[in-house]
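Novice: Each chain is listed here by its residues.
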Amino acid sequence: MNHFLSVEDCPNPLGWAHEAIKLKEHPFQDKLFGINKTLGLVFFNSSLRTRLSMTRAAQNLGMQTISLNVSTDGWQLEMDEGVVMNGKNAEHISEAATVMGGYCDVLGVRAFPSLVNVSDDYSEKLLLAFKKYAGVPIINLESATLHPLQSLADLMTIEEHKKVSKPKVVLTWAPHIKALPQAVPNSFAQWMNRVDVDFHIAQPAGMELDEAFTGEAKIHYDQSAALRDAHFVYVKNWSSFKEYGSVGNAPSWMMTLEKLKDTSNAKLMHCLPVRRNVVIADDAMDSAHSIIQDQAKNRLYSAQLVLRKILTQ
Amino acid sequence: MNHFLSVEDCPNPLGWAHEAIKLKEHPFQDKLFGINKTLGLVFFNSSLRTRLSMTRAAQNLGMQTISLNVSTDGWQLEMDEGVVMNGKNAEHISEAATVMGGYCDVLGVRAFPSLVNVSDDYSEKLLLAFKKYAGVPIINLESATLHPLQSLADLMTIEEHKKVSKPKVVLTWAPHIKALPQAVPNSFAQWMNRVDVDFHIAQPAGMELDEAFTGEAKIHYDQSAALRDAHFVYVKNWSSFKEYGSVGNAPSWMMTLEKLKDTSNAKLMHCLPVRRNVVIADDAMDSAHSIIQDQAKNRLYSAQLVLRKILTQ
Amino acid sequence: MNHFLSVEDCPNPLGWAHEAIKLKEHPFQDKLFGINKTLGLVFFNSSLRTRLSMTRAAQNLGMQTISLNVSTDGWQLEMDEGVVMNGKNAEHISEAATVMGGYCDVLGVRAFPSLVNVSDDYSEKLLLAFKKYAGVPIINLESATLHPLQSLADLMTIEEHKKVSKPKVVLTWAPHIKALPQAVPNSFAQWMNRVDVDFHIAQPAGMELDEAFTGEAKIHYDQSAALRDAHFVYVKNWSSFKEYGSVGNAPSWMMTLEKLKDTSNAKLMHCLPVRRNVVIADDAMDSAHSIIQDQAKNRLYSAQLVLRKILTQ
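The listed protein sequences correspond, in order, to chains V, X and U. The working numbering puts the first residue of the first sequence at 1, with every later residue one more than the last. The working numbering puts the first residue of the second sequence at 1, with every later residue one more than the last. The working numbering puts the first residue of the third sequence at 1, with every later residue one more than the last.
In case anyone wonders, no lab produced these hints; they're calculated from the structure. Just so you know, even glycine gets a beta-carbon here, dropped at the ideal spot from N, CA and C. Keep in mind that a hint or two might mislead.
These stretches of chain X come out as covered by chain U in the derived footprint (C-beta under 8 Å, 3 or more residues) [stated by the list, open to error]: (1) 42-54; (2) 58-72; (3) 276-282.
Turn these sequences into a full structure, and let the hints steer you where they fit.
Specialist: Take a look at the structure:
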């Protein structure tokens, strides 16, 4: 059974990106692939793009969907083994995941990290419990540490917009008012390390990502040095991995139009949602540099490709 | 692109009402019109009739639907331009609306007024932001000031039940325990002013609606005088427009069977939900005067007609 | 019109169980039965299995679905007649149920008991209001006193696993940390009393169920005596019927692997969700005795059979 939990489940990132780009021309051509199949979407956290794009992707493939907001539609789940369940959790993940897998042909799961306990979060307990118990393919809709559907859409967007064969891609930290997961930057780094780009990451001291994900990326602490001659600037906030979950404080790292002027007319990327004038200034957001909406739109096709791969495996 | 935000987007209200009535005979005849199309339903406020009737209307046309409860499924949106987004709003409407439009072919939007700031509410900021940014047709599912899907259903119901060519239609204020929007009465007035009826509005002093909507309606402060010889009595509470959002206090304006006796055997209308024995007494609700359930059922066909118009424009 | 509110609406429980078992072989064979039909699912309480299994069952039959979480998507409903509705309830059930029935072809309703007022709960006010007003077939998705879709799945599971023609079936109370409804055990008793099994119920003193449902079941106060030679052990907590809603306190009634050793190699059943090591110990849950996941999976087919019966009546 093929899951889609990380780049490890994608044998050919560049090939998949180009297949997903091709889907745009004939989005309904595979409408019979999903007949009699149901995709269950299990949300432990809120979602806008992921919920809409996955649902639409399934519809384009002729699949049915069922969405479940675990905490409001259902109840809280116990993740640990051997527990006397006399607290707030009314059902064990081993039962719930098995049941959900029994009614659905594919399950998508979204579950953010606590940002409190790094080993709990980085063990991906919940996602792996679904993989273990559900008995059907699992799609990661953003887990504690990774967001591969976003990364595949990001790669598609770079491939569509690149003008040199090996572009300089810079992932730069930006400020935020609260602690955000590391899932998007971790995952982007994983994918960039599998394709032929000149990949850089810039962040203030203390905000380094887990080296297990950043791998061979060139690391910078000077944002303006990192941005020089960049072809793609991916802006994203994340909380600290080292001082786990701490927000960081470096307001000068906000992306602006001025900063983009030093690049090689770079394309500006962000996964959304973005807090304007905190993460990215209006003048950059609303400039011709931005390909942020192309990126968002590509979420539909990255989702549809992954679903098609699973339906036809 | 054709939106459906108000009566201004309907070139022929009477014609549309009769087309919607005809839909009832063969509700599934247009089932191929919606193939490969997805309707996104975006709820900033709760909904029963609108949610169910729009979903069913889409299904009757072969469309897929995706429903999003913005505050529980997603997060709060910033409406103002140029803001430093360091507060509770995690995403700007300009991004969110563009994204939603990117995944859906048509968007329906429900967003009630604050009833605090009249100029904010009456500028229809949120609805117009969707129109500006989404890039797809927008359907008003009840906005700060208008509810045109309700009004089209109201007109259908009048056309089905009228026994004289130019009926006397009376919209009368009724009491309520809390501040309700003016959207339903504003919109009803707009639609009545476009068709050939003798249109009257009755309310206590201080509860007058915005003249931009009431137009040529005959205004009464004496409910019993207004009701005399009426063929249709549309009962509805609304909060004050002049003293914006104030509830008003006139319990004697509750509709009763006794009051209906002075009419020309009038049909009783209300858009629902209705608080019994506060807005309308049980004896009137449960009398043969009531066509309230016909009105509610017509919401399905008014929604289906508007969707069909958009799909075939 | 055929409703499905209790075993009374099933003329042949054993026959239906076997029809449902046959559905598993060709779950999509009746996909045209539901064409142009919409199932409305109305949830006054949270749900995981019921929500997913009913939705999937409808999809397997080609039906569309609309789900409504009454309290979060809509508003609270008034159940009593003649009330001045100046409190928290914004709409009367008589209006809301009629409207929902107007937009849907079949309605499923889930509404738990208060566990405060026994006569209110046991009069099944809400479910019967839907039956009275909706004008379409109503399916009980677990009401104040009964859960017949669960019981049909339970009977299917017994039929699939039984090795003697008249098995000994023991329903045994188990501890819990909060007051749970009596709906599942009431309903299971009703169904067992209609088929050819040797049916026993065991509970601590004070936790007896309503005799209207238990009927001819053999009642035990000694769990180990009851379990002896059992072929099926159905474990379930319920709150007291006599001291209405009280939780009870008998931790020694938790099911364990040790207790199952005294049975005739009994199959272990539970309707889920289950609190591990409170209701059933891990060693029993994870043993070969358990057919709990078969039971859960059968919910899909019991739902699909009931829907098919309604569509083809």
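Novice: Are the hints correct? Go through all of them and say.
Specialist: Verification of the hints:
1. 42-54: holds (count 8)
2. 58-72: It holds, with 4 qualifying residues against the three required.
3. 276-282: n = 4 at 8 Å, threshold three: holds.
Against the hints set out earlier in the document, no violation occurs for any number.
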